[in-house]
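Peer 1: What follows is the residue order along each chain.
Protein chains: 2
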Amino acid sequence: MNEDNLWWLKEDGYEARLHKHYEGLFTQGNGYMHVRGSFEEGCSDAPQDEEYLRFPDNVTLEKPRHPKSKQGTFIPGIVAQHPLLKEEIVNLPYMLGLEFRSGDEALDMDRCRISGYSRRLDLRDGRLHRSFLWETKEGMQLKCTYSRYLSMADTHLCIQQVQLEVLAGEGRLEVKAALRADVRTNGMNHFARVVPSAEPGDCISLETLTEEGNRIFMLSALEASEAVNWQAGHTPVMAALRGECRLNTGDRLTVSKLTAVTTDRDMEEGTVRDRALAQLSRARKLGREQLYNRHADCWKRKWQAADIRIKGDDAAQLSVRASIYHLIRSNREEDDRVAICAKGYAGEAYFGRYFWDTEINLLPFFLHTHPQAARNLLLFRYNTLDGARRNAQKYGYRGARYAWESSISGEEQCANWQYADHEIHITADIVYALYHYVRATGDDEFLERYAVDILVETARYWCDRVDWNREGEGELLSVMGPDEYLPFTRNNAFTNRMVKFSLEQTVACLDSLEDGKRDSYAAAAARLDIRPGERERFRHTAEKLRLPYDSRSDIVPQSDDFDSYAEVDFASVWTDRSRPFGHFISQERNYRSKALKQADVLELMMLFPQEFTRAQLKASYAYYEPITTHDSSLSAAVHGIVASWLGQKEAAGAFLQRVMDIDLSAEKKGAAEGIHIANCGGLWQLIVYGFAGLKSAMWSESIELEPRLPEGWEKLSFTLAWRGERYQITVNPDTYEVQKLNGGNLVAGTTV
Amino acid sequence: MNEDNLWWLKEDGYEARLHKHYEGLFTQGNGYMHVRGSFEEGCSDAPQDEEYLRFPDNVTLEKPRHPKSKQGTFIPGIVAQHPLLKEEIVNLPYMLGLEFRSGDEALDMDRCRISGYSRRLDLRDGRLHRSFLWETKEGMQLKCTYSRYLSMADTHLCIQQVQLEVLAGEGRLEVKAALRADVRTNGMNHFARVVPSAEPGDCISLETLTEEGNRIFMLSALEASEAVNWQAGHTPVMAALRGECRLNTGDRLTVSKLTAVTTDRDMEEGTVRDRALAQLSRARKLGREQLYNRHADCWKRKWQAADIRIKGDDAAQLSVRASIYHLIRSNREEDDRVAICAKGYAGEAYFGRYFWDTEINLLPFFLHTHPQAARNLLLFRYNTLDGARRNAQKYGYRGARYAWESSISGEEQCANWQYADHEIHITADIVYALYHYVRATGDDEFLERYAVDILVETARYWCDRVDWNREGEGELLSVMGPDEYLPFTRNNAFTNRMVKFSLEQTVACLDSLEDGKRDSYAAAAARLDIRPGERERFRHTAEKLRLPYDSRSDIVPQSDDFDSYAEVDFASVWTDRSRPFGHFISQERNYRSKALKQADVLELMMLFPQEFTRAQLKASYAYYEPITTHDSSLSAAVHGIVASWLGQKEAAGAFLQRVMDIDLSAEKKGAAEGIHIANCGGLWQLIVYGFAGLKSAMWSESIELEPRLPEGWEKLSFTLAWRGERYQITVNPDTYEVQKLNGGNLVAGTTV
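So the protein sequences, as listed, match chains G and L.
Under UniProt numbering, read the first sequence as residues 1 to 752, first letter to last.
Under UniProt numbering, read the second sequence as residues 1 to 752, first letter to last.
Bear in mind the hints are in silico, worked out from the structure with no lab data behind them.
Remember, it's a predicted structure, so these values are computed and weren't measured experimentally.
There may be inaccurate statements among the hints.
Any copy, or any two copies together, can satisfy a pair, since identical chains are not distinguished.
[Said to hold, decoys possible] For lysine-lysine, the following DSS-like pairs were computed, each having C-alpha atoms within a straight-line distance of at most 25 Å:
(1) Lys300 to Lys10
(2) Lys86 to Lys63
(3) Lys394 to Lys594
Using the sequences and the accompanying hints, generate a full structural model.
Peer 2: Below you can see the structure in the form of structure tokens.
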């Protein structure tokens with residue numbers, strides 16, 4: 001097989017019904033900005049400025065609008081208020097506009113005579129290529145080739161090029177390059193003012209002021225290989241240059257568009273306009289080739305640290321690379337004011353908000369490929385601690401309570417109260433992640449400098465949130481665990497264990513600071529106004545918090561009241577397994593039934609593997625898997641890992657397929673509304689924790705592997721950052737090897 | 001005390017902050033239409049056409065808009081769709097407009113020099129009177145006297161009169177009479193088209209077409225005692241006549257406005273316009289005096305059947321008359337396409353929808369004062385059975401499920417799913433009410449003709465809704481009982497008992513029809529497609545449905561899981577008892593705490609008194625009352641009844657005061673958003689079931705009393721319709737008397 005095929009996401013032949021899926025899948029980005037894989041010329045019958053009121057709804061079941069195409073341009077941190085849905089990331093003006101016209105025929109993938117259509121997203125460098133043959137009504141045969149990328153090195157820049165080669169015929173061709181603000185976010189217009197302008201030297205600009213007061217400046221320079229005589233053609237919501245030229249057989253017209261994007265939220269000094277001008281001028285000085293080389297070098301370094309190589313399973317190879325590509329792209333390096341939103345900045349769904357996905361699903365990838373990025377993701381939580389304090393206060397509690405759906409300031413944005421009020425484990429998940437980071441990196445200073453504030457403030461919240469029963473046990477009542485199909489359970493095993501861990505670590509952290517770093521302790525005590533007896537309260541609550549399971553029962557109950565829920569006859573209810581279970585049952589019935597949305601007890605066992613016996617793991621998997629609907633994209637990877645640990649290769653392989661399909665399956669239009677970025681992290685975990693059997697850094701000082709490769713996998717290799725060093729891991733069906741990079745072999749063992 | 005004071009609701013002196021309360025309290029109506037007690041001239045700084053998007057929210061806690069004044073004109077059945085709140089009764093154009101102006105000074109209660117302001121709502125005939133002295137800037141002293149009523153005999157007519165007497169000074173006075181469509185319902189404009197017109201003979205009309213296609217025609221005839229030279233002064237949303245005249249000291253100007261209102265939903269034939277013209281012409285022929293006499297006669301007959309007389313407690317006397325007034329007014333006689341909405345058509349709150357209030361809180365009053373009205377209320381449920389079928393289907397169940405908040409077609413309108421999905425007892429409450437009606441009236445034919453359809457269809461729903469536990473018991477999981485502060489309980493005692501009753505009666509009804517009325521049975525079986533074995537399924541479910549209590553426990557648990565909820569330290573949470581408890585606790589905490597919104601177990605005991613021992617009643621009252629917040633207006637009356645049954649006179653008296661305050665307390669602005677019509681029915685029940693100790697017709701063939709009059713009550717008397725006869729009940733502190741009307745004494749006993 002051609003090596004390229006292991007790096008290319010491909011679309012061969014255009015199908016309108018799949019277009020929105022590819023728009024999501026082909027999302028390009030560089031951390032600073034992201035743009036969906038839409039066509040430069042847009043799409044017929046798919047207006048982007050339709051205004052409507054979107055209502056809070058069940059995301060699994062909601063039928064999204066815009067069936068054919070939704071463009072998307074996102075800059076993390078640029079958000080606005082929706083009257084019903086609360087804070088949402090703003091879909092910014094569309095910067096990619098490049099339209100062609102032959103006579104009265106506008107180039108359009110649906111309406112023109114197009115053949116040989118093909119698109120490739122090259123995962124190595126994030127460039128998107130399109131090519132096709134256009135036979136115009138006027139009789140020209142035009143070979144059209146597009147490419148574009150957002151520079152990973154110069155993150156304010158978008159570089160586009162189109163080449164039209166006349167294979168036969170001749171005629172005039174019109175070109176229009178545009179920056180368009182006729183864009184709505186979930187049906188809302190968030191633009192308070194739009195100013196399109198012509199700029200010197202075949203340039204156009206579009207300055208946009210959002211309702212929230214953010215300023216976005218887009219500046220495009222146009223170049224053409226033929227004289228096209230650019231003329232401004234603005235509208236109130238669009239900056240545009242139009243031009244035309246005459247082409248004969250054999251001619252080639254190349255149009256380049258170089259766009260600089262700046263906002264008032266950038267960390268650089270200066271006006272948005274000045275900075276965009278400077279970016280553009282610098283880029284032009286560098287020239288196309290150098291610009292590309294800088295960009296490609298960045299991607300190369302990222303792939304060196306992050307690539308996973310699989311021999312013997314090309315589908316898995318390509319799929320894991322697609323996941324890693326989106327993980328790398330979604331992460332804003334060195335900006336700790338944002339994290340990675342649930343759809344990986346590849347769609348309007350989930351409104352650009354931050355969930356527990358970051359800590360539990362994404363963090364391990366970054367911990368072991370790019371620890372600095374992991375640190376920044378956690379600093380986002382530190383930076384939004386005040387928002388978490390306001391959340392706690394709003395509910396009448398002391399301390400800090402992280403939002404189920406976090407705004408960029410940390411405040412709760414979830415419009416459905418059953419999640420916002422009851423899915424409280426997020427607050428403990430963040431503490432788990434802080435420890436995971438510290439243990440995987442050895443960055444102990446992070447604990448005393450940042451984490452301790454989160455620990456103490458969240459411990460205060462938990463102490464207020466706990467109720468006490470007659471036996472003197474602390475309880476967490478009315479809780480939604482990871483399984484979102486049971487919103488009001490009593491003592492959810494996952495949640496209570498995570499909270500207990502969180503409180504235990506708070507006490508341990510304060511104990512150890514007081515013992516070993518008295519200055520640090522004194523500073524924290526003063527900063528956080530730690531009162532006498534508070535630590536004892538944390539300790540008591542940690543000790544007495546009830547766990548609804550013990551070593552005597554093999555099946556760990558999901559919650560104290562789990563047994564009281566109704567059994568579901570899946571065969572009679574879920575009559576079409578190709579669609580989510582949620583489509584076949586009312587929420588009312590769902591909420592009282594033993595039908596899980598996703599892994600809950602198994603998620604717990606994955607995070608605390610050392611606390612459960614193999615019998616418990618096996619019995620719980622056997623019990624829960626058949627009653628789990630996997631309606632959440634977070635479920636399959638966890639199940640795959642557990643199946644792999646249990647040596648159930650067939651099941652693990654089936655879950656691997658499921659994980660791969662979540663975004664990649666065109667038939668299921670998996671990526672239409674954005675990338676399931678948590679599942680991307682899940683695939684990485686399935687391979688590293690599941691198949692390579694890496695023992696989590698939470699529970700192991702050194703790299704320990706217990707590999708179980710899927711059938712057919714001849715070799716699996718990847719690099720791993722671990723406590724300040726990098727290692728090369730190579731797993732063969734019968735042996736494995738851990739090699740320190742820039743050093744010799746450390747460990748070599750045999751697969752189990 | 002002047003006898004009038006026992007019939008007049010009074011407002012002495014105008015206070016802007018109380019105005020909205022009096023608007024609600026002084027609502028006038030005749031079943032066909034209702035109008036809030038707003039001023040003819042409107043109110044400064046209180047625009048009625050403000051547009052905004054009202055969101056679904058917690059009604060107890062929501063801060064209503066329009067702090068100063070909200071006019072309201074409602075015709076039951078004229079509804080429209082709100083994009084977020086679903087179906088709402090439309091606030092129709094304001095027909096009362098009569099404005100006066102002296103020079104550039106518009107008459108306004110806030111801005112003019114007003115003295116001696118007084119309003120009286122005469123409960124005997126529903127007329128509203130206003131009088132005050134207006135000293136104009138130009139130096140006139142005008143004694144102003146207003147009166148108005150909606151005719152109870154000619155229900156399409158509104159009759160208004162204003163008299164201005166010049167006590168001193170002289171000058172010109174301008175009059176404007178208007179029909180205004182600048183009205184919004186909860187911020188929404190539901191009017192698709194408004195056509196204001198001048199009509200022959202000093203008349204104006206306003207035809208309004210709603211979004212839903214309903215047509216409302218208002219036609220007003222103006223008359224003045226002085227020549228005022230009426231001139232049309234329409235705007236696109238207002239029909240108006242303006243005129244002016246010169247007045248000297250001693251002059252009296254009388255302006256009369258007679259308005260006919262028709263809609264396309266009326267049961268009469270003909271266009272709305274023709275019918276309004278006919279109404280008006282007939283009214284003018286009858287003349288003012290005859291019009292009034294016809295109206296007053298109607299009210300007189302209603303009071304003869306419904307009045308309760310209390311000697312020794314004038315406050316209670318006036319209060320119960322206010323309640324009865326609103327009950328009579330709210331009821332649309334002989335129109336079984338509507339029922340009585342939760343705010344008694346006296347405000348926009350609750351959107352004009354129908355709740356369980358109708359069956360449980362209002363029905364007893366109508367059963368025993370106006371049985372035909374009770375029958376019509378139940379026929380509304382029969383007529384909306386198809387809506388209930390659609391509700392069941394929507395959830396995936398067979399049969400019929402009544403809506404928690406019913407539209408006029410029976411479909412669920414509640415925008416908050418925790419109520420809509422989980423407060424299922426309404427479906428059984430309706431069956432309880434059907435039986436209550438049949439037992440109180442002896443109208444057995446109603447059962448086989450109408451009720452059987454509801455019985456069978458709701459039984460089918462219950463059989464699908466029940467889950468089965470390992471012990472073979474039927475369970476109702478995830479249920480909100482009457483106590484709306486616990487939405488997800490297991491086997492709520494009230495709900496399960498009501499459902500068991502409902503299923504038992506379904507089986508009994510089918511058994512008895514098959515035994516005694518084979519034709520009726522065959523017709524029902526065919527109509528309802530009753531399958532073999534279905535009745536056995538009903539019987540089995542009725543038998544096996546679990547009740548979470550038995551005779552061994554004195555405290556009846558509210559639900560199987562009630563004990564697992566958290567205790568609340570009320571003293572530390574509820575720091576200001578003058579405001580609802582709900583203001584002091586988050587919904588999240590509330591939903592897991594033992595803090596009841598309202599009577600739940602006690603409601604059960606009130607409806608099934610014969611099934612509980614006195615020890616259970618006493619212990620349950622002692623346990624639940626202290627943890628009940630009474631945040632619902634349905635709670636106090638039930639508690640008062642139980643306290644009275646237990647001989648706890650002081651507590652019963654305190655609940656009586658609470659019940660009275662709910663609408664009447666100006667300080668609490670009780671009636672601002674409308675009348676708590678269920679509490680009006682509750683007051684009637686507190687007096688009849690509580691103080692007179694009437695044994696419910698559900699459980700007694702004949703009238704049985706066990707009176708316990710409150711301290712100070714010297715005499716209580718009322719009439720009672722009972723199984724086709726009417727009785728006069730007289731209760732003295734030590735004796736009581738039951739006298740058949742148009743007949744001799746039947747029973748005379750001694751109070752216990």
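Peer 1: All the hints need checking, so say for each whether the structure fits it.
Peer 2: Okay, the hints, checked on the actual structure:
Only within a single protomer do Lys300 and Lys10 lie at most 25 Å apart by alpha-carbon distance; the minimum there is 21 Å, versus 84 Å between protomers. For a Cα distance limit of 25 Å, the shortest separation of Lys86 from Lys63 qualifies both inside one copy, at 20 Å, and across copies, at 20 Å. For the homomeric pair Lys394 and Lys594, the shortest alpha-carbon distance between copies (21 Å) is at most 25 Å, but the shortest distance inside one copy (32 Å) is not.
The structure agrees with every numbered hint stated previously.
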